[in-house]
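Chain by chain, the residues run as shown.
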Amino acid sequence: GAVVSQHPSWVICKSGTSVKIECRSLDFQATTMFWYRQFPKQSLMLMATSNEGSKATYEQGVEKDKFLINHASLTLSTLTVTSAHPEDSSFYICSALGAGGPPGGELFFGEGSRLTVL
Amino acid sequence: GENVEQHPSTLSVQEGDSAVIKCTYSDSASNYFPWYKQELGKGPQLIIDIRSNVGEKKDQRIAVTLNKTAKHFSLHITETQPEDSAVYFCAASKTGGGNKLTFGTGTQLKVEL
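Protein chains in written order, with our numbering: chain A, 1 to 118; chain B, 1 to 113.
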């Protein structure tokens with residue numbers, strides 16, 4: 001199946017710094033990518049929808065100025081957590097939409113990126 | 001918006017037994033229902049999915065059933081094995097919904113020897 005790669009798989013940073021997470025579709029072009037956040041023992045919560053060449057669409061309650069999303073190419077979307085604080089510590093997961101499959105395409109998930117803010 | 005409820009939150013079975021996880025959804029327009037398996041520290045992996053025009057789908061030891069009238073769907077795993085132990089999530093989406101998935105709350109399945 002298609003592969004979606006996230007980097008880094010884990011990162012530890014100091015409070016107040018910014019962290020960038022990359023999501024790449026390795027063998028297909030993805031016009032749409034999604035970013036999720038998952039806290040321990042909880043479900044995946046959609047943060048934003050990233051469309052290539054346009055601004056991301058954020059879900060209600062997600063601060064767009066804190067979670068910067070850039071989808072500059074058909075194979076790469078980045079999530080930057082700005083001025084990170086301990087409460088931003090979480091597991092961030094991306095998914096990429098490929099052609100085919102229901103309802104509008106098949107979703108392929110990355111392996112996730114564990115962020116720990118000290 | 002869509003709301004997906006999932007039960008049980010934890011499920012413990014003996015190896016070889018069957019496991020059933022149930023989900024209900026609220027939006028009657030939802031027409032795509034995937035199930036994901038998530039192992040510790042990893043991203044979710046699609047294990048089976050079903051469209052609203054089908055009532056049941058099976059893939060070896062895994063099956064999914066859908067009741068559109070009642071708006072619920074279930075995952076059935078037969079002959080469970082220790083490697084089936086993981087967190088399972090159901091999800092729902094609809095055509096025209098931007099391919100957004102609404103996830104259930106997850107079920108921690110433990111298969112004991």
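Because the hints were derived from the structure by calculation, they are not lab data.
One thing to keep in mind: the hints can contain errors.
[What the hints assert, rightly or not] Derived pair list, reagent style EDC-like, types lysine to aspartate or glutamate, alpha-carbon separation capped at 20 Å: (1) LYS110(B) / GLU15(B); (2) LYS100(B) / GLU111(A); (3) LYS42(B) / GLU106(A); (4) LYS57(B) / GLU22(A); (5) LYS37(B) / GLU106(A); (6) LYS64(A) / ASP27(A); (7) LYS42(B) / GLU111(A); (8) LYS41(A) / ASP84(B); (9) LYS100(B) / GLU59(A); (10) LYS100(B) / GLU87(A); (11) LYS41(A) / GLU15(B); (12) LYS42(B) / ASP88(A); (13) LYS64(A) / GLU111(A); (14) LYS37(B) / GLU59(A); (15) LYS57(B) / GLU79(B); (16) LYS100(B) / GLU79(B); (17) LYS57(B) / GLU106(A); (18) LYS71(B) / ASP27(B); (19) LYS58(B) / GLU106(A).
| request: Mind listing which of the numbered hints don't hold for this structure, in increasing order? | output: 4, 6, 10, 11, 13, 14 and 16
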